[in-house]
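So the protein lines, in turn, are chains A and B.
Residue numbers for the first sequence follow this note's numbering, so the first one is 44 and each next one is one higher.
Residue numbers for the second sequence follow this note's numbering, so the first one is 26 and each next one is one higher.
Some hints here could point you the wrong way.
[Stated by the list, open to error] Calculated pairs, PhoX-like style, for lysine-lysine (alpha carbon to alpha carbon, straight line, at most 20 angstroms):
id, chain 1, residue 1, chain 2, residue 2
1, B, K35, B, K88
2, A, K54, B, K88
3, A, K223, B, K88
[Unchecked claim] Cβ-Cβ distance ranges computed for the label pairs, FRET-style:
id, chain 1, residue 1, chain 2, residue 2, range
4, B, R56, A, D226, 51 to 61 angstroms
5, A, A204, B, T64, 26 to 36 angstroms
6, A, E283, B, D74, 42 to 52 angstroms
7, B, T50, A, G74, 46 to 56 angstroms
In case anyone wonders, no lab produced these hints; they're calculated from the structure.
C-beta atoms are modelled at their ideal positions from N, C-alpha and C, and glycine is treated no differently.
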Amino acid sequence: MGEVIVITSGKGGVGKTTTTANIGIGLSRLGKKVMVIDTDLGLRNLDVVLGLENRIVYNIVDVIEGSCRLKQALIKDKRFPELYLLPSAQTKDKTSISPEQMKKLIEDIRDDFDFILLDCPAGIEQGFQNAIAGADRAIVVTTPEVSAIRDADRIIGLLEASGIRKNELLINRLRIDMVKRGDMMSVEDVTEILAIDLLGVIPDDEQVVIATNQGEPVVGEDGMAGSSYMNICRRLLGEEIPIEDYMKPEGFLEKISSFFHRS
Amino acid sequence: MSVHSVFVAKERLKNLLISDRIQCTPDAADRLTKDLYLTVSKYMEINPDHFDIEITRNDIHIKYAGENK
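Here chain A stands alone, though its shape is the one from the complex:
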């Protein structure tokens, strides 16, 4: 039976969709059969981040309303071994689906996949309730900013109140230079405040923007964000991989290597 993970944050714009896409692709590259579901009704984006926007015929609302079969709505990403997208509806709103319908959809499909990842909309209204309805566990995405951490704290409270106990934190867009000079909260600062387990840290990396521009993943590619996302996927599979130490002073070899990589 597959594991159902919701990727949520409260605040918008912290990287939920990018995270869903990269973890989905990473897990499929590690040999797992993965379904990613965009639950943000009316603001469909996961298809765009994955570069699959031209292949949508049916969407999640069509499946739930019974206008099509699940197989007709699923988009298989041919670049990766076993990755499927169930896209959101762009012209419907959050009330087109109920948490019960969502739960049933997931129960119907969970035996066919190793992982089902749910990309949650921002906010704490019905879209959030729909997204978490069928989830076993959650990845709470935040950035090291006051507003994002505040919202993450609220979300953790709501997840626990809904009976989802396995909640892990992903700190996104860490600016190592700013942490070093005391102008950004560090990983320790954030984990001290949000007392849940840390799943991973993604350093701010322009490769993410470049990849997203092209509808391609960073996971598994060279670079800090690519390897951090891959480590997160391995941790989800139960491997013991320590959180990367981005604060250690740059060694001589790294300095030389980054000198030669500049161009």
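Here the structure of chain A is known, so what remains is to put chain B in place on it, guided by the hints.
Same frame as chain A, but now just chain B:
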């Protein structure tokens, strides 16, 4: 800038989370701290500089006499 902005961020966040978690205004959180201080001070010698409360979602921790600092 004389103070690193990360200290300001942490202080603001701490106050926000206290009022979010007990669902009251920052002002009410301040009054709660004061009332708790007055209550504790009835029973033991404490100094306001060494008194602090920390509110998590499950507990209220009272720190005094510079412990846990």
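task: Mind checking the alpha carbons of K223/A and K88/B for me, to see if they're no more than 20 angstroms apart?
output: Outside the cut-off at roughly 30 angstroms; violated.
- prompt: So the hint says 51 to 61 angstroms: do the beta-carbon atoms of R56/B and D226/A match that?
  reply: violated (33 angstroms)
field: D74/B and E283/A - C-beta distance against the hinted 42 to 52 angstroms
entry: holds (43 angstroms)
- request: Below or equal to 20 angstroms on CA atoms is what counts here, so check K35/B against K88/B.
  value: holds (18 angstroms)
Pair hint K54/A and K88/B, alpha-carbon separation not exceeding 20 angstroms: Distance of about 32 angstroms is beyond 20 angstroms: violated.
- request: Take a look at whether the Cβ-Cβ distance between T50/B and G74/A falls inside 46 to 56 angstroms.
  value: Because 52 angstroms falls inside the window, the suggested range holds.
query: Using the C-beta atoms of A204/A and T64/B, is the stated range 26 to 36 angstroms upheld?
result: Holds: the Cβ-Cβ distance is about 30 angstroms, inside 26 to 36 angstroms.
Of the hints listed earlier, those the structure fails to meet are numbers 2, 3, 4, in rising order.
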